[in-house]
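Colleague: Numbering (my numbering), first residue to last: 182 to 327.
Don't take every hint at face value.
Restraint-style ranges between C-beta atoms, simulated for each label pair [claimed, not checked]:
no.	residue 1	residue 2	range
1	188	213	36 to 46 angstroms
2	184	258	53 to 63 angstroms
3	288	204	32 to 42 angstroms
4	196	301	30 to 40 angstroms
5	204	285	20 to 30 angstroms
6	186	280	37 to 47 angstroms
7	186	257	27 to 37 angstroms
8	301	185	19 to 29 angstroms
9	190	230	37 to 47 angstroms
10	308	275	30 to 40 angstroms
Quick caveat, the hints were computed from the structure, so don't treat them as lab data. C-beta atoms are modelled at their ideal positions from N, C-alpha and C, and glycine is treated no differently.
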Amino acid sequence: MHDEFAIELQTELKHGDMGAVIKGLTEYNESKANGDTPNYLVLIVRDKEQQVVGGLVGATYLGWLQVQALWMAEALRGRGYGTVLMRRAEEEALRRQCPRVFLETLSFQALPFYEKLGYTVASRIADFPPGGARYALIRFLDAHPA
Numbered sequence: 182m183h184d185e186f187a188i189e190l191q192t193e194l195k196h197g198d199m200g201a202v203i204k205g206l207t208e209y210n211e212s213k214a215n216g217d218t219p220n221y222l223v224l225i226v227r228d229k230e231q232q233v234v235g236g237l238v239g240a241t242y243l244g245w246l247q248v249q250a251l252w253m254a255e256a257l258r259g260r261g262y263g264t265v266l267m268r269r270a271e272e273e274a275l276r277r278q279c280p281r282v283f284l285e286t287l288s289f290q291a292l293p294f295y296e297k298l299g300y301t302v303a304s305r306i307a308d309f310p311p312g313g314a315r316y317a318l319i320r321f322l323d324a325h326p327a
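Produce the complete structure using the sequences and hints provided.
Modeller: This is the structure we're talking about:
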C-alpha cells in the first residue's frame, strides 16, 4: 500500500491541489446530502475608487447559512457596515429557505458584535489561540431580526 501512494506536505498554497481536495469532499457530501451543495453568498463593500474595503463570504446548504468570513477595513469598523452585511446575508438565507446561521470567531475578533446581533455561543474551545478562545455561534432566524 505504501508503494502505491505518496504523501506530500505543502507549505505554500497550490490552488489546483486545494481545489481537488475541496471538490472531492463536496462530491462526497453531495452524495450523502440528497444533492444539497453549498450555494455561495458574497457581499462586497467598495469605496469610491472601487477598492474592496469589506465584505462577507458565506454559503447556504442543508438548511443553514454558514458565514465563513466577515471583514471590514479598520476605518469602517463600528459604523454599522458589519451589521448591514450580516442582516443582508440573513435575509438572503431566509430567501433560500435556510433559517439557521452558523459562524465562528476568535476571542480577539467579534464575539460581542455577534452576540449583539442575537447569536448565541454553541461551543467554546479554550486556549485557541493561546490565552484566548474560539467560539462557534448560531442563530435561528425569523421574520424579525434581533
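Colleague: For which of the previously enumerated hints does the structure constitute a violation, in increasing order of number?
Modeller: Numbers 1, 7, 8 - these are the hints that the structure violates, sorted from lowest upward.
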